[in-house]
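Undergrad: Fit chain B to the given chain A structure using the hints.
Line by line, the protein sequences give chains A and B. Sequential numbering of the first sequence, starting at 1, is according to our numbering. Sequential numbering of the second sequence, starting at 436, is according to our numbering.
These are computed hints drawn from the structure, not numbers from a lab. One thing to keep in mind: the hints can contain errors.
Listed next, the in silico DSBU-like pairs over lysine-lysine satisfying Cα-Cα at most 35 Å (straight line) [unchecked claim]: (1) A:345 x A:392; (2) B:827 x A:392; (3) A:345 x B:600; (4) A:300 x A:424; (5) B:600 x A:424; (6) A:19 x A:424; (7) B:458 x A:19; (8) A:19 x B:859; (9) A:424 x B:709; (10) A:19 x B:780; (11) B:752 x A:424.
Number of protein chains: 2
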Amino acid sequence: MSITRPLGFRAAATTAGIKPSGKSDLALIVCDDPRPLVAGAGGAGGGSGGGGGASIQARRSSAAVFTRNAVVGAPVEIGREWRGAALRGGPALRAVLVNSGCSNAATGEPGTQDARATMQAVAAALRCSADEVLPSSTGIIGHRLPVDRMVAKIPGLVAALARDKDADEAAARAIMTTDLVPKSAHRELEIAGHVVHLGAIAKGSGMIAPRLDGAGTHATLLGFITTDAPIAGLALQHALEDACRESFERVSVDGHPSCSDSVVAMASGASPVKMMHEGDPEFIVFRAALLSLCQELATKVVRDGEGATRLFRVEVKGAVDNASATAMARCVVDSPLVKCAIHGKDPNWGRIVTAAGNAGVRFDPAEAGLTIGGVEVYRSGVPTGVARNDPKLLAAMIADPVDCVLTVGFGRGRGWMIGCDLSKDYVNINADYTT
Amino acid sequence: MSITRPLGFRAAATTAGIKPSGKSDLALIVCDDPRPLVAGAGGAGGGSGGGGGASIQARRSSAAVFTRNAVVGAPVEIGREWRGAALRGGPALRAVLVNSGCSNAATGEPGTQDARATMQAVAAALRCSADEVLPSSTGIIGHRLPVDRMVAKIPGLVAALARDKDADEAAARAIMTTDLVPKSAHRELEIAGHVVHLGAIAKGSGMIAPRLDGAGTHATLLGFITTDAPIAGLALQHALEDACRESFERVSVDGHPSCSDSVVAMASGASPVKMMHEGDPEFIVFRAALLSLCQELATKVVRDGEGATRLFRVEVKGAVDNASATAMARCVVDSPLVKCAIHGKDPNWGRIVTAAGNAGVRFDPAEAGLTIGGVEVYRSGVPTGVARNDPKLLAAMIADPVDCVLTVGFGRGRGWMIGCDLSKDYVNINADYTT
Numbered sequence: 001m002s003i004t005r006p007l008g009f010r011a012a013a014t015t016a017g018i019k020p021s022g023k024s025d026l027a028l029i030v031c032d033d034p035r036p037l038v039a040g041a042g043g044a045g046g047g048s049g050g051g052g053g054a055s056i057q058a059r060r061s062s063a064a065v066f067t068r069n070a071v072v073g074a075p076v077e078i079g080r081e082w083r084g085a086a087l088r089g090g091p092a093l094r095a096v097l098v099n100s101g102c103s104n105a106a107t108g109e110p111g112t113q114d115a116r117a118t119m120q121a122v123a124a125a126l127r128c129s130a131d132e133v134l135p136s137s138t139g140i141i142g143h144r145l146p147v148d149r150m151v152a153k154i155p156g157l158v159a160a161l162a163r164d165k166d167a168d169e170a171a172a173r174a175i176m177t178t179d180l181v182p183k184s185a186h187r188e189l190e191i192a193g194h195v196v197h198l199g200a201i202a203k204g205s206g207m208i209a210p211r212l213d214g215a216g217t218h219a220t221l222l223g224f225i226t227t228d229a230p231i232a233g234l235a236l237q238h239a240l241e242d243a244c245r246e247s248f249e250r251v252s253v254d255g256h257p258s259c260s261d262s263v264v265a266m267a268s269g270a271s272p273v274k275m276m277h278e279g280d281p282e283f284i285v286f287r288a289a290l291l292s293l294c295q296e297l298a299t300k301v302v303r304d305g306e307g308a309t310r311l312f313r314v315e316v317k318g319a320v321d322n323a324s325a326t327a328m329a330r331c332v333v334d335s336p337l338v339k340c341a342i343h344g345k346d347p348n349w350g351r352i353v354t355a356a357g358n359a360g361v362r363f364d365p366a367e368a369g370l371t372i373g374g375v376e377v378y379r380s381g382v383p384t385g386v387a388r389n390d391p392k393l394l395a396a397m398i399a400d401p402v403d404c405v406l407t408v409g410f411g412r413g414r415g416w417m418i419g420c421d422l423s424k425d426y427v428n429i430n431a432d433y434t435t
Numbered sequence: 436m437s438i439t440r441p442l443g444f445r446a447a448a449t450t451a452g453i454k455p456s457g458k459s460d461l462a463l464i465v466c467d468d469p470r471p472l473v474a475g476a477g478g479a480g481g482g483s484g485g486g487g488g489a490s491i492q493a494r495r496s497s498a499a500v501f502t503r504n505a506v507v508g509a510p511v512e513i514g515r516e517w518r519g520a521a522l523r524g525g526p527a528l529r530a531v532l533v534n535s536g537c538s539n540a541a542t543g544e545p546g547t548q549d550a551r552a553t554m555q556a557v558a559a560a561l562r563c564s565a566d567e568v569l570p571s572s573t574g575i576i577g578h579r580l581p582v583d584r585m586v587a588k589i590p591g592l593v594a595a596l597a598r599d600k601d602a603d604e605a606a607a608r609a610i611m612t613t614d615l616v617p618k619s620a621h622r623e624l625e626i627a628g629h630v631v632h633l634g635a636i637a638k639g640s641g642m643i644a645p646r647l648d649g650a651g652t653h654a655t656l657l658g659f660i661t662t663d664a665p666i667a668g669l670a671l672q673h674a675l676e677d678a679c680r681e682s683f684e685r686v687s688v689d690g691h692p693s694c695s696d697s698v699v700a701m702a703s704g705a706s707p708v709k710m711m712h713e714g715d716p717e718f719i720v721f722r723a724a725l726l727s728l729c730q731e732l733a734t735k736v737v738r739d740g741e742g743a744t745r746l747f748r749v750e751v752k753g754a755v756d757n758a759s760a761t762a763m764a765r766c767v768v769d770s771p772l773v774k775c776a777i778h779g780k781d782p783n784w785g786r787i788v789t790a791a792g793n794a795g796v797r798f799d800p801a802e803a804g805l806t807i808g809g810v811e812v813y814r815s816g817v818p819t820g821v822a823r824n825d826p827k828l829l830a831a832m833i834a835d836p837v838d839c840v841l842t843v844g845f846g847r848g849r850g851w852m853i854g855c856d857l858s859k860d861y862v863n864i865n866a867d868y869t870t
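Next up, chain A with everything else stripped away, as it sits in the complex (with noise of 0.2 Å):
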């Protein structure tokens, strides 16, 4: 189980033709915890719990970060306006209404209008405020999406919720695009005698780097994120922006951040736990649980990059500060120079140095140094003289992920990326994605 395992949450999906294969492409979360919360109750897995009389409601919270790409689809927009009102006390959600085969973005006003009917079909079959409702589409940019046919199947939908594996693995196969494979994650933590659990789904292949505002985001990444931890709005929201930091935003695909990256997380509030806030010895260890869960899904949306075979690990060292690190970083894991030759197995490290370059930052190359897999190639500026072909350098090379270290000065500065090869599936797939 992933999502539906915190308590409070259910899942279902569906096949609303919006996708031309014909696969599932609708999927629905909601958090509607709908047992009564018992003061006092509690404890590990099914049980529900009190918070002393506090309503359900005031336990929930959410959060959410989106693409820094000018462009954003409808859902960015309507998500974003939702958050501005969450952060000022609005509604937390209730839920993600989430398809794939079409992004609605670059559509303009009428996209907008789409969205927000399938908001309104949702909150009439669930029965709470169109504003409690978050829409999230992947797919193909520029086309209107399927309105009437979507909303015709949201009562069904909201019959077929259900807390259990089935259902989670459902809504992780119906936000896919030319991913091959579903991705999910979870944690169990324990917090003041408590289990609390997290959930997790996400969708990722192509259009991969997230850059997400409060973080920063390349991709159409879609992550959605359960827990049945009670968390104070703001916290989880700053929680949810570390967290993406650390993981999403360190992983690309081909370097080209999509106008839907969305990362959204959901609590529930149904576990038992007194309510956590910034600061709380206990939030501190939802956060590190949250990152971990995080950094999984973003390992396996780049394992999953569109034609990729093979990860690789970029770490700059040495560089004034950690952003002139990062950026160095991104430079490598995105040439496709670099990249290609991750695919061919070639050590041909003068692309990595190179790459590195080209991110802007002024380094000395007489500071400057590479390992790959452990293995010293150029050090001080110069080629250390190890045989391309010598034995622990082509070991280096196979390696899964292939694991490279550069060296640029002698100041704090640390970052780090993981990135794919360049295969020539890449081609295959997005030669003709539309068609």
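TA: Chain B alone, transformed into the frame defined by chain A:
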């Protein structure tokens, strides 16, 4: 004829065993008009001319622009030193020694010594000073030059110097790396009753997205331009920077600026026209010819881009300034998703709009529009509804180059870039370049 078409230049090429393929890999271009200057003589084509007592040395000038990559090859370091000295009144170039097969980059101080040894050998053979010789290298990074083999070839190269079509063609071939075809261009223009010539050769196929200093370029682009016009040194430097900004800097094969990008211009002063300075009316005519020459070569470079089958041109209009517009156009031509769509003749125009959205420049999609080959697909932030299989749209996608015009607002900023498609051959070529 190309580089030796202008009076005062000779060229030769040979095989020094730098390329494992055994193809020619060493070229020498010399500016040393051996004929005496005769006052008052001149005219089209073959005539030598006089500068009213000015020595040929005083009429000679040179200029150069180099990569902005933080990591540069030894030849670029030496070239920057030469340029600094030249701009302070130091000597113009007598010769450029260009090798392919090894970039002599990421080789530290030993690489610099290697380059200087080749400069000394050329200077000895030409009886000039080593600081009048510029080395230029392209090829694998992080490997040492086979200096002894190169030096051994120099007397023969000097003996073979010639001013004819064969010499030009041989030089253009010797500087090739993954290029499929040699690239050259020439211009002839009349200034004050005299015919003035410009000639050029260039190489570049991968690691191409020149960002030149003074100007701004990515890739291993090497360009060598000759002219018999007499031009003041600083004026030639400025003219070269301006021409590169609107030519080589406007093309990208893979968005990876090389550590070796260099464009060098040498003016022999052998034409009898009077010395040209900035602001002279004749110089405006010369600059236009230089720009046109560079644009022809830049287009030839991207046309021969690794794996490229077709070109596309992206123009961005309506931005707040030209730099913003150019940054957006660059994001579009460098997006692997856009490049694959061009390859697949797939009108997946949302990728173009969102690629522009990743330039870090804010724009309002409601003011945005896109035409492909004159077919409007997106207007005021909304799809125009042109069918994907519309015959005009299909024709626009089959065109070469595919012509995309993106409007992002009502500002005066404009910019353009030319890119090429991404094919499986790019992966083939780059997955085992060194092997």
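Undergrad: Do the alpha carbons of residue 458 (chain B) and residue 19 (chain A) lie within 35 Å of each other, as the hint requires?
TA: violated, 52 Å
Undergrad: Are the Cα positions of residue 827 (chain B) and residue 392 (chain A) separated by 35 Å at most?
TA: Given pair residue 827 (chain B), residue 392 (chain A) is violated - Cα atoms ~56 Å apart, limit 35 Å.
Undergrad: Has the given pair, residue 345 (chain A) with residue 392 (chain A), been kept, meaning a C-alpha gap of at most 35 Å?
TA: holds, 13 Å
Undergrad: With the threshold set at 35 Å, check whether the alpha-carbon distance from residue 300 (chain A) to residue 424 (chain A) stays at or below it.
TA: Since the Cα atoms of residue 300 (chain A) and residue 424 (chain A) sit roughly 21 Å apart, the hinted pair holds (cutoff 35 Å).
Undergrad: Can you confirm whether the C-alpha distance between residue 752 (chain B) and residue 424 (chain A) stays at or below 35 Å?
TA: holds, 34 Å
Undergrad: Please work out if residue 19 (chain A) and residue 424 (chain A) have their alpha carbons no farther apart than 35 Å.
TA: holds, 25 Å
Undergrad: Straight-line Cα separation of residue 19 (chain A) and residue 780 (chain B) no greater than 35 Å?
TA: holds, 21 Å
Undergrad: Hint check: residue 424 (chain A) vs residue 709 (chain B), CA-CA at most 35 Å. Holds or violated?
TA: violated, 56 Å
Undergrad: Going straight from one Cα to the other, do residue 345 (chain A) and residue 600 (chain B) come out at no more than 35 Å?
TA: It is violated: about 42 Å lies between the C-alpha atoms, which goes past 35 Å.
Undergrad: What's the verdict on residue 600 (chain B) and residue 424 (chain A), does the C-alpha distance respect the 35 Å limit or exceed it?
TA: Measuring from Cα to Cα gives roughly 40 Å; hence the hint is violated.
Undergrad: Within 35 Å, alpha carbon to alpha carbon, are residue 19 (chain A) and residue 859 (chain B)?
TA: Since the Cα atoms of residue 19 (chain A) and residue 859 (chain B) sit roughly 27 Å apart, the hinted pair holds (cutoff 35 Å).
Violated hints, listed in ascending order, are 2, 3, 5, 7, 9; each of the other numbered hints is respected by the structure.
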